[in-house]
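Chemist: Sequence:
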Amino acid sequence: MEKANKLYRVIVSDRAVDMLMQHVRFMAQVSLQAANRLRVEIIEASKSLEHLPERDPWLSSPYLPANKYRKTIIGKRYLLIYRIKDDTVFVDYVLDCRQDYKWLL
466 MEKANKLYRV IVSDRAVDML MQHVRFMAQV SLQAANRLRV EIIEASKSLE
516 HLPERDPWLS SPYLPANKYR KTIIGKRYLL IYRIKDDTVF VDYVLDCRQD
566 YKWLL
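Start counting the sequence shown at 466; every next residue gets the next number (our numbering).
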């Protein structure tokens, strides 16, 4: 029960913030409301990592160290990639799953 009550500190990298803003700007060309919803969803998903960040699965790839990054899917199209170290969660990337992100691997 103690682990469920534990709060993690969440740090969002500058790179992840830049990626979020790129996605929001792109979506705003189509719909300002949709862009704002996306922004809010991603921010809320990041904040939710304060509680039980281990709930999400590992991001697995033969090119990544095993059990380093976790992933959460937001709105069926966006991927939040993060890692946990001690009591801190580091959000490193915000990706659009429809794009090729093999460069990450």
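Worth flagging that the hints you see were computed from the coordinates, not collected in a lab.
Check the hints yourself; a few may be wrong.
What the hints assert, rightly or not - Derived pair list, reagent style SDA-like, types lysine to any residue, alpha-carbon separation capped at 25 Å:
| id | residue 1 | residue 2 |
| --- | --- | --- |
| 1 | LYS536 | HIS516 |
| 2 | LYS471 | TYR558 |
| 3 | LYS536 | GLU515 |
| 4 | LYS533 | GLU519 |
| 5 | LYS512 | ASP557 |
| 6 | LYS512 | TYR558 |
| 7 | LYS541 | PRO518 |
| 8 | LYS512 | ASN470 |
| 9 | LYS471 | LEU524 |
Chemist: Straight-line Cα separation of LYS471 and LEU524 no greater than 25 Å?
Modeler: The hint holds at about 23 Å.
Chemist: Compare the distance between the alpha carbons of LYS512 and ASP557 with 25 Å, and conclude whether the hinted pair is satisfied.
Modeler: holds, 14 Å
Chemist: Keeping to a limit of 25 Å between CA atoms, is the pair of LYS471 and TYR558 held or broken?
Modeler: This hinted pair holds, its Cα atoms lying about 24 Å apart.
Chemist: Can the restraint linking LYS541 and PRO518 be considered satisfied, given a maximum Cα separation of 25 Å?
Modeler: holds, 19 Å
Chemist: Starting from LYS512, check that the Cα of TYR558 is at most 25 Å away, please.
Modeler: holds, 14 Å
Chemist: Between the alpha carbons of LYS536 and HIS516, is the straight-line distance 25 Å or under?
Modeler: holds, 15 Å
Chemist: Does the structure keep LYS512 and ASN470 at a Cα separation of 25 Å or less?
Modeler: OK: LYS512 and ASN470 at ~15 Å, within 25 Å.
Chemist: Holds or violated: are the alpha carbons of LYS536 and GLU515 at most 25 Å from each other?
Modeler: Since the Cα atoms of LYS536 and GLU515 sit roughly 14 Å apart, the hinted pair holds (cutoff 25 Å).
Chemist: Hint check: LYS533 vs GLU519, CA-CA at most 25 Å. Holds or violated?
Modeler: holds, 12 Å
Figure legend: structure checked against the earlier numbered hints; every hint is met.
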